[in-house]
Amino acid sequence: MGDAVTRLKDAVMNYEMESIADLAKQALKDGVDPLIAIEKGLAEGIKTVGEKFGKGEIFLPELVMAAEAMKAGLAVLEPAVPKGKHRSSAGKVVIGTVQDDIHEIGKNLVSTMLTSNGFEVVDLGVNVPSNDFLKKADEHSPHMVAMSALMTTTMPRMAEIIAPLKKKHKTVKVLVGGAPVTDTYAKEIGADGYSGDASGAVDVARKLVR
Amino acid sequence: MKPMSFGILRGVRFQILSEGDLDRIHWATLHVLEKVGVQVDSVSCRKLLKDNGCEVDEKTKIAKIPSHLVNEALVKKKSSITLAGRNPKYDMKLDMKHSHMTANGNGAVAVDFETGVRRPSMKKDVVNSSRIIDYLQNIHCHWPMVSSTDQHPSVVHLHDFDASLNNTEKHVMYETGVTISDAKYLTEMGYIAAGGEKEYRRRPSSSCLQCTYAPLQHDAGVMDASLEFAKSGVPLVFFGMPQPGATGPSTLVGSLVVGNAEVLSAITMVQLSTPGSAVIYGMGNAPLDMRTTIRAGGSPEHALSSAMATELAHHYGLPSCVGVSATAKTPGDQAVLEYYTGCVGPLLAGADLMCGVGLLEDSSCLYYEQIVIDDEIVGAIARLIRGEWADDDTLALDVIEKVGVGKNFLAQKHTMQHLRTDHFMPNLIDRRSFDAWSQAGSPTLRDKAREKVKWILQNHKVPPLDADRQKQLNAVIERAKKPMWGGETKR
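Residue numbers (numbering that gives the first Met the number 0), protein chains in the order written: chain Y, 0 to 209; chain E, 0 to 490.
Since the hints were made in silico from the structure, they are not lab data.
Cβ coordinates follow ideal geometry from the N, Cα and C atoms, glycine included.
Do not rely on the hints blindly, as some may be mistaken.
[Said to hold, decoys possible] Pairs of lysine-lysine, DSS-like flavour, derived with a Cα cap of 27 angstroms:
hint, chain 1, residue 1, chain 2, residue 2
1, E, 60, Y, 135
2, E, 481, Y, 186
3, E, 230, E, 60
4, E, 123, Y, 206
5, E, 58, Y, 135
6, E, 58, Y, 186
7, Y, 186, E, 460
8, E, 197, E, 230
9, E, 480, Y, 134
10, Y, 82, Y, 39
11, Y, 54, E, 58
12, E, 401, E, 123
13, Y, 186, E, 60
14, Y, 135, Y, 186
15, E, 92, Y, 165
16, E, 58, Y, 134
17, E, 480, Y, 186
18, E, 122, Y, 166
[What the hints assert, rightly or not] Every beta carbon over 10 angstroms from chain E, so not counted as near; a handful from chain Y, in silico:
hint, residue
19, 82
20, 99
21, 103
22, 121
23, 169
24, 196
25, 209
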């Protein structure tokens, strides 16, 4: 059983995006506890990869591939987790690019970085209607909502979400980012945190979600 | 001596791609457009493509465009484009013989020239940078360099345009026409500044750059606005910017194919809607830095991609507008390295327009000093690409005979005549001796740039637009003001 968990960890570390699903299925068949498989296998693997990236030993494509491998493993293991039990994570984050903005890459990088640092990420995609941010916050009760905007023209969309979100979810933290967004702007619209790049977003998220 | 004209007259050119390479890139692009297609979010553009025989999937919004439509569009486009200045001496004739440098555009942050504080940009930054661009002789085209974030959020970009039109006589290119209503207001303001629609259509003194979305997507607002601009006679740049390794293949040529498919499909839509409209081929493929997740503006790959995009544009008979930027956080050392690398490659390859200079943090932050440093860089490159030729005058045989052995050429008329045209005279580069330099306080490049900015802001006067036009521009902004989503924000 220990071997199966180690194999899953190695599969993430070796970017085995195609074969990891089969490994996960086999682990379940062999009676491995899905929660342990996730926490000691997948999560440990992505953590190691994230650390290597932080030290500059590997580059972004490797980190993204490891995150993809982890996702493929999660897709098999998560449905097998008994109801009422939850995997431990650094925090739950709902993330998306705001309405009328279809820029994806920055948001995806933050999503990947958060995942590789132990956060549970619900990615809503791009051009997300403001109401959907609110609805998904109701549904998932996240610790943090993260929003991205790449254009000066779509940036104000972030402002319109924050007020109703905070009204309903008193403790939820809001992280904003994107090329035109500044620290000053973030404060002005009532966001709790801002980051200019994906690595910084993790540090801010860690401080906000404790 | 070659005749003087506005822009950088090009005498040399280096070549990266062969004709065969360019053909292969074109065929690969046609393959992508036919087999993979592009996502077209605009309902009216999808209808336009469908009516013209494209296979359109309404569910995925993906349109597959047959080759003949693309090739026809490339024939239909306007064949000669002049981007006019308010003052005709600044007219940029895109004749494939001259290169032109533009300001960089639409950052949202500025470093305050007085206090040195990095803060959200304001309308006064647009005003000041416009005046600086107006003054600098190696920058030929203006962009609103930053956003007037101290103005009402619904009309920020109209204030940007207003501040630009009022503070430079050079051509103004903007990149903020991202909805139909934006397009209408910006067009109206352009007409007003030019003295009416008829005059604008004759001499367009403003234009719009539109970005496509990599990989292979067209935003609804951007394309709807583009059709509106084309109908109104506003020249358009379609600017692809896949990031090699991230939103395009890691290979520069692969990303060029992706960007090319985006640009050609946009041009196709515009030419189907308004045949004969003025379009310029734009591209700025800077890779994603795989260590920091920052776009590597001003990298050698950015320069090479812009150079190759220029070759491709010329292959199609289109003028090019290609990108340069810098990831440096402060003016000086790194910014110079990045801007020099980023500019010299594409300019050597014959870029018709290069956008643009003066912003740091990859086109995000205005740093006044960098604008004048970049002007110096472009001045040096202009000398580099002017070219040399051997004729009676340049061979100077008569002068060599006259001076003879062991003397010098200082007192020759020939020397004086060629000094200003053949030798680059720097403004900021310090060539004094160590002693002279240290006695002057050992100024750095940045110190000298700061002095120059100070001088320009104190001394350079730009003739204002006439009062009636100013009033009309303000009226458009007032009319365009509307409440923002979720009620008013503070700004």
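Against the structure, the hints:
A hinted pair counts as satisfied when its Cα atoms are at most 27 angstroms apart, and residue 60(E) with residue 135(Y) qualifies at roughly 25 angstroms. For the given pair, residue 481(E) sits about 23 angstroms from residue 186(Y) by alpha-carbon distance, which is consistent with the 27 angstroms threshold. Among the hinted pairs, residue 230(E) with residue 60(E) is consistent with the structure: their alpha-carbon atoms are about 24 angstroms apart, no more than 27 angstroms. Proximity of residue 123(E) to residue 206(Y) is assessed by CA-CA distance (about 36 angstroms); at most 27 angstroms being required, the pair is judged violated.
Restraint check: the Cα-Cα separation between residue 58(E) and residue 135(Y) comes to about 24 angstroms, which is no more than 27 angstroms; the hinted pair holds. At roughly 39 angstroms between alpha-carbon atoms, residue 58(E) and residue 186(Y) are farther apart than 27 angstroms, so this suggested pair is violated. Straight-line distance between C-alpha atoms of residue 186(Y) and residue 460(E) comes to about 38 angstroms, which puts the hinted pair past the 27 angstroms bound. For the hint pairing residue 197(E) with residue 230(E), the CA-to-CA distance comes to about 13 angstroms; that is within 27 angstroms, so the pair holds.
The suggested pairing of residue 480(E) with residue 134(Y) is violated, with an alpha-carbon distance near 30 angstroms, which exceeds 27 angstroms. Restraint check for residue 82(Y) and residue 39(Y): satisfied, since their Cα atoms lie roughly 20 angstroms apart, inside the 27 angstroms limit. Of the pairs offered as hints, the one joining residue 54(Y) and residue 58(E) is violated, with about 44 angstroms between alpha carbons and a cut-off of 27 angstroms exceeded. For the hint pairing residue 401(E) with residue 123(E), the CA-to-CA distance comes to about 58 angstroms; that exceeds 27 angstroms, so the pair is violated.
For the hint pairing residue 186(Y) with residue 60(E), the CA-to-CA distance comes to about 37 angstroms; that exceeds 27 angstroms, so the pair is violated. Between residue 135(Y) and residue 186(Y) the CA atoms are separated by roughly 23 angstroms; this keeps the pair inside 27 angstroms, and the hint holds. With a C-alpha separation of about 54 angstroms, the suggested pair residue 92(E) and residue 165(Y) falls outside the 27 angstroms cut-off, and the hint is violated. With a C-alpha separation of about 24 angstroms, the suggested pairing of residue 58(E) with residue 134(Y) holds against the 27 angstroms cut-off.
Taking the CA atoms of residue 480(E) and residue 186(Y), the gap is about 24 angstroms. The hint holds against a cut of 27 angstroms. Distance check on the hinted pair: residue 122(E) and residue 166(Y) sit about 33 angstroms apart at the alpha-carbon level, beyond 27 angstroms; violated. No Cβ of chain E approaches the Cβ of residue 82(Y) within 10 angstroms, the least distance being about 34 angstroms, so the stated non-interface status holds. Interface exclusion of residue 99(Y) from chain E breaks down, the closest Cβ pair being 7 angstroms apart, not more than 10 angstroms.
A beta-carbon of chain E is positioned within 10 angstroms of the beta-carbon of residue 103(Y); the least distance is around 8 angstroms. Distance check on residue 121(Y): its Cβ is at least 21 angstroms (rounded) from any Cβ of chain E, clearing the 10 angstroms threshold; non-interface status holds. The Cβ of residue 169(Y) sits about 19 angstroms from the closest Cβ of chain E, beyond the 10 angstroms cut-off, so the non-interface label holds. The Cβ of residue 196(Y) sits about 5 angstroms from the closest Cβ of chain E, inside the 10 angstroms cut-off, so the non-interface label is violated.
With a least CB separation of 25 angstroms from chain E, residue 209(Y) remains clear of the 10 angstroms interface cut-off, as annotated.
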